[in-house]
Amino acid sequence: MSMMRGSLGDVEHFVLVALLRLGGESYGVPILGEIADRTGREVSRPAVYVALRRLEEKGFLQSRLGDATAERGGRAKRYFKLTRAGVLQLQQSRDAFRRIWAGADHLLPRHLR
Amino acid sequence: MIAPPSVAVWLLTRRLAAADRDEILGDLQEQFTRQVLDHGAARATWWYWRQALRMAASLSLNAAPRGAERTRWRIEPLRRDFTFAARRLRATPVFTIFAVASLALGVGATTAVYAAVYDLLWKPTDVRDPDRLVVLTQVTGARPRWMSVVRDADLEHLLSLDGSVERLAASSRLPATLTAATIAETLPGEVVTGSYFVTLGVQAARGRTIQPADDEPARASVIVISDRLWRTRLASDQKVVGRIVRLNGRPVEIVGVMSRGFAGLGGALSAQTDVWIPAPALPVTGAGSARMHAVIGRLRADRPVTDAAGDFAAAGQRLDAMMPLTNPGVPAGPPPARRWSAISYADATIDLPNMPVGQIVLTLVGLVLAVACANLANLVLARGTSRRHELAIRRALGASRWRLVREQLAESVVLAGLGALGAYAVVRALLVVLAIELPMGGRQFVQLAPTLNLRAMAAAAVALLGALILVGLVPAFQLTRRELRPFMTSDAGGLDQRWWRGQKRSITWQVAASLGLFLLGLICIRSVVEAARHDSGVDIDHIAVGYLSTPNDWPSDRLLGALEAVVAAVRQQSGVEDAAVSSGLPFGTMTPGVSIVRPDQTLGSGNDYLVAATPGLFRTAGIPIVQGRAFDARDRYDANPVVILSEQTARRLFGTAEVTGREVRFRDWVNRSGPGQQGRVAVVAGVARDTDTSRLFSRSHGTVYVPLAQLIHDPNFRMVLTVVARTPGDPAALIGPMRAAVNLADTDLAIGPGSGSGRIVLASAYVSIGILARLLGSLGVLAVVLSMAGLYGVLSHLTTRRTREMGLRMALGALRRDIVRLVLADGFRPVFEGLLIGLVIVTGVRVVLYYQYGGAVSIVEPVSSTLACFPLILAALLACYLPARRAARIEPTVALRDE
Chain A
1 MSMMRGSLGD
11 VEHFVLVALL
21 RLGGESYGVP
31 ILGEIADRTG
41 REVSRPAVYV
51 ALRRLEEKGF
61 LQSRLGDATA
71 ERGGRAKRYF
81 KLTRAGVLQL
91 QQSRDAFRRI
101 WAGADHLLPR
111 HLR
Chain B
1 MIAPPSVAVW
11 LLTRRLAAAD
21 RDEILGDLQE
31 QFTRQVLDHG
41 AARATWWYWR
51 QALRMAASLS
61 LNAAPRGAER
71 TRWRIEPLRR
81 DFTFAARRLR
91 ATPVFTIFAV
101 ASLALGVGAT
111 TAVYAAVYDL
121 LWKPTDVRDP
131 DRLVVLTQVT
141 GARPRWMSVV
151 RDADLEHLLS
161 LDGSVERLAA
171 SSRLPATLTA
181 ATIAETLPGE
191 VVTGSYFVTL
201 GVQAARGRTI
211 QPADDEPARA
221 SVIVISDRLW
231 RTRLASDQKV
241 VGRIVRLNGR
251 PVEIVGVMSR
261 GFAGLGGALS
271 AQTDVWIPAP
281 ALPVTGAGSA
291 RMHAVIGRLR
301 ADRPVTDAAG
311 DFAAAGQRLD
321 AMMPLTNPGV
331 PAGPPPARRW
341 SAISYADATI
351 DLPNMPVGQI
361 VLTLVGLVLA
371 VACANLANLV
381 LARGTSRRHE
391 LAIRRALGAS
401 RWRLVREQLA
411 ESVVLAGLGA
421 LGAYAVVRAL
431 LVVLAIELPM
441 GGRQFVQLAP
451 TLNLRAMAAA
461 AVALLGALIL
471 VGLVPAFQLT
481 RRELRPFMTS
491 DAGGLDQRWW
501 RGQKRSITWQ
511 VAASLGLFLL
521 GLICIRSVVE
531 AARHDSGVDI
541 DHIAVGYLST
551 PNDWPSDRLL
561 GALEAVVAAV
571 RQQSGVEDAA
581 VSSGLPFGTM
591 TPGVSIVRPD
601 QTLGSGNDYL
611 VAATPGLFRT
621 AGIPIVQGRA
631 FDARDRYDAN
641 PVVILSEQTA
651 RRLFGTAEVT
661 GREVRFRDWV
671 NRSGPGQQGR
681 VAVVAGVARD
691 TDTSRLFSRS
701 HGTVYVPLAQ
711 LIHDPNFRMV
721 LTVVARTPGD
731 PAALIGPMRA
741 AVNLADTDLA
751 IGPGSGSGRI
761 VLASAYVSIG
771 ILARLLGSLG
781 VLAVVLSMAG
791 LYGVLSHLTT
801 RRTREMGLRM
811 ALGALRRDIV
821 RLVLADGFRP
831 VFEGLLIGLV
841 IVTGVRVVLY
851 YQYGGAVSIV
861 EPVSSTLACF
871 PLILAALLAC
881 YLPARRAARI
891 EPTVALRDE
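Protein chains in written order, with our numbering: chain A, 1 to 113; chain B, 1 to 899.
I should point out that these hints are in silico values taken from the structure, not numbers from a laboratory. Take these hints with a grain of salt, some might be off.
To be verified - Short, incomplete list of chain A residues facing chain B, as computed with Cβ under 7 Å:
| no. | residue |
| --- | --- |
| 1 | 28 |
| 2 | 29 |
| 3 | 46 |
| 4 | 76 |
| 5 | 78 |
Stated by the list, open to error - One-sided and incomplete, this derived list gives chain B residues near chain A with beta-carbon spacing under 7 Å:
| no. | residue |
| --- | --- |
| 6 | 23 |
| 7 | 55 |
| 8 | 58 |
Glycine is no exception: its CB is placed at the ideal position from the N, C-alpha and C atoms.
Here chain A stands alone, though its shape is the one from the complex (with noise of 0.2 Å):
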């Protein structure tokens, strides 16, 4: 598997395809909102912004300037979306984990004991 300028952290993977799931195109708090909801935890702020930024610095996400509301005390909102490299990425992501994970389901209950 080709290592596409380097493979995705956790929040990095959760981050593309909670942006998936909202059309490809999003801003902070729908993704924020979506992780948590999804995963069930409330994933750390920072990480989620960490994992923004570095994203788009790979090239995975482009993002703009959006409108700014009263609700948000006239500040701007950052709109991400997902690039077809990043799409490419999520998919080769989702791909490898595909096939760690193949045939290995069993073996978890197993240890647990």
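Use these hints to put chain B onto chain A, whose structure you have.
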């Protein structure tokens, strides 16, 4: 909309890189708004702080841009200093907790109390240049009067005055009943001329003030309301400007809300105005209700107050010549005259008698701060000595002096930061606790709304940080001046003698100050306990008292019917056991004086108080009937007139004889020269248990109770009516339902200002004293707790330091008990000296109080004085004894090796 906590936002703004700031702060605020809606403001604020601290602590998000190695090189050692400091503090948790608590309580409590006193006494008013503003005074007796001195008829003439003042305005106090969706209440109001706000130079916080154009009778009726009314009765309605409400039954428009800093002409300590009304909005009705006005004027530039005094005096003489005053009530004596003069508004509104109270509180606050400072200094000093050894070694190994100082500074900064957070929490909590309506006696309240005073907080913080940093640096600096070797090898010399003497002196004064504070607090608390235990004869803890405002022009039949409806409606409310309407209660309200005699005697001056009441009053107020019967449905207007006497009155009139069925004659003594001077004759129906009269603790007069139905038709009796309701629960909570019930019974009736639980309405002065006493008492307790903690920290530390010396003594033959005795004696001496000094100071204060209040305070109180010393002695005992015993137990050889 509620904004996120500003300090947290500021922190994030500082920490986040400019490129990320908008996005992250915006996201946080959006979620914060949702948190407020879902969980309320308090939890949302807590959530925001948690998120902000987490964000601020995240290095990867905040670190300087990659590649800026220079910055990193400078930041890195600093970061290490702080990490090191935090680790050292964590290693000595007891010291850290005591130091942080000292800082937090010292800064927090003193700032909050200062804020409360400041808000009460020294809050600057919004009035522009109060020194250039004059008030017209009527010279009578020692103190000139300035409220309600100018008649309606004189006003027009006076307002056109031209001379030393460039602008004049008038105001007249008048209660007005305001009816809106959420309230129906009689409020303190001021009827003002259009020039009033311009002359005072105050602005509205929302909307506009009353303008000269509002003086035109043709204009729509408008009012301006106070910040207090807006917040407490109208729920801070954002759209209040333009709202139509009813004032004395007439529709008026609210055009403005005043700022917090202006609560009426009377100044901060007077009754606060809630409604400002232009004269046309509240026309004078009937001939008998002419208004009396206060007149204010703004001086022209460079004209002194004396010029205005001259102008007013001249105007008064002109008016006296044009239309002389007559006073039909007083036939003899010199004819009344307009003896007008002027004083500056600033002088008129300062209430001198209240100043010493504030100064006493401030002195005590200063003392607490001093105790906290001394405490912190002692702690840090003690800790410093223990580090001298370590510092000396490091210095010898090549650590730079600057590095040691920097480490110490970092530790102080970490402590200060923790202390500041604690102080902030303490202040916030106390400000909430202190935001109360302070009863000032009678029907007057002062709304205490202390706000965080940054200057006071800064002053307290600087004092404590000064102590922390200066004293903290002592050991690091000492090393530079002295030979390192003695510190390095051990602390053989025990304690540096000069240094120990200094510390002893500071312990002495700390003990003295905290004992003094505690005992003074005890004096105050004792008076509160006495007030609480005192049986006033009226069950003030289970009743609510509401002042009833009634239309002036109702015939007495209609009024009586309405009052009966009120009693019935209030009884219907849940939680109400019984209710009655009365003309006040024997004490705490304005009750008319009455002169009462046997029919064969002549009526003299008033010696008793008169209370007219509906039948249920005795059950409601918990006043037992000891002879005969209480009022009942028989005592109607047309029935035989009856009275019920208090035991004292009955005894004075009839001695010990049976009094039920005897006749008496009585008369309201204010109207002694009026038409009712023959008095009314009535039969005694019963005798009621004595109560306090006039005010709490006073039993010098008796009370005459009369059925309200038999007196209400008599024009000679003018009464303030109260609704009294009894409940087993919280009486203060009864005022709301009472208001609703009164409004239900008759929409023209309302419960007025000054209503509340029986204790607040009837014993208000003691409630205020109680609040003050509790404040002082808690300051005293705080000082003692701080001192105990400090004393333990310092003494136990110092004793531990002498382990080696004790080993030496034991090696030379000293016995264990000698050692313990020696340590106890050394440790106790400063404490005992402090206790003695404290007791002497308190006795001095008690002597002053004794002569001031004639025996209400005894000079020596052995029990409380002894008890107060105990916590301090105990702390000192534990602090000396435990380490001394430990030291005396170990083998001398081990002790000698100890470093």
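The hints, checked one at a time:
1. Interface hint status for residue 28 of chain A: upheld, as the beta-carbon distance to the closest one in chain B is roughly 4 Å, under 7 Å.
2. For residue 29 of chain A, the suggested interface contact is upheld, since its CB lies about 5 Å from the closest CB of chain B, less than 7 Å.
3. For residue 46 of chain A, the shortest C-beta to C-beta distance to chain B is roughly 3 Å, which falls under 7 Å, so the interface hint holds.
4. Because the closest C-beta pair between residue 76 of chain A and chain B is about 5 Å apart, less than 7 Å, the hint holds.
5. Here the hint on residue 78 of chain A is kept, as its CB sits about 4 Å from the closest CB of chain B, short of 7 Å.
6. Nearest Cβ of chain A to the Cβ of residue 23 of chain B: about 4 Å, under the 7 Å cut. The hint holds.
7. Interface restraint check: residue 55 of chain B against chain A, minimum CB-CB distance 6 Å, threshold 7 Å, status holds.
8. With a cut of 7 Å, the hint placing residue 58 of chain B at the interface with chain A holds, because the nearest CB-to-CB distance is about 3 Å.
In summary, this structure violates none of the numbered hints.
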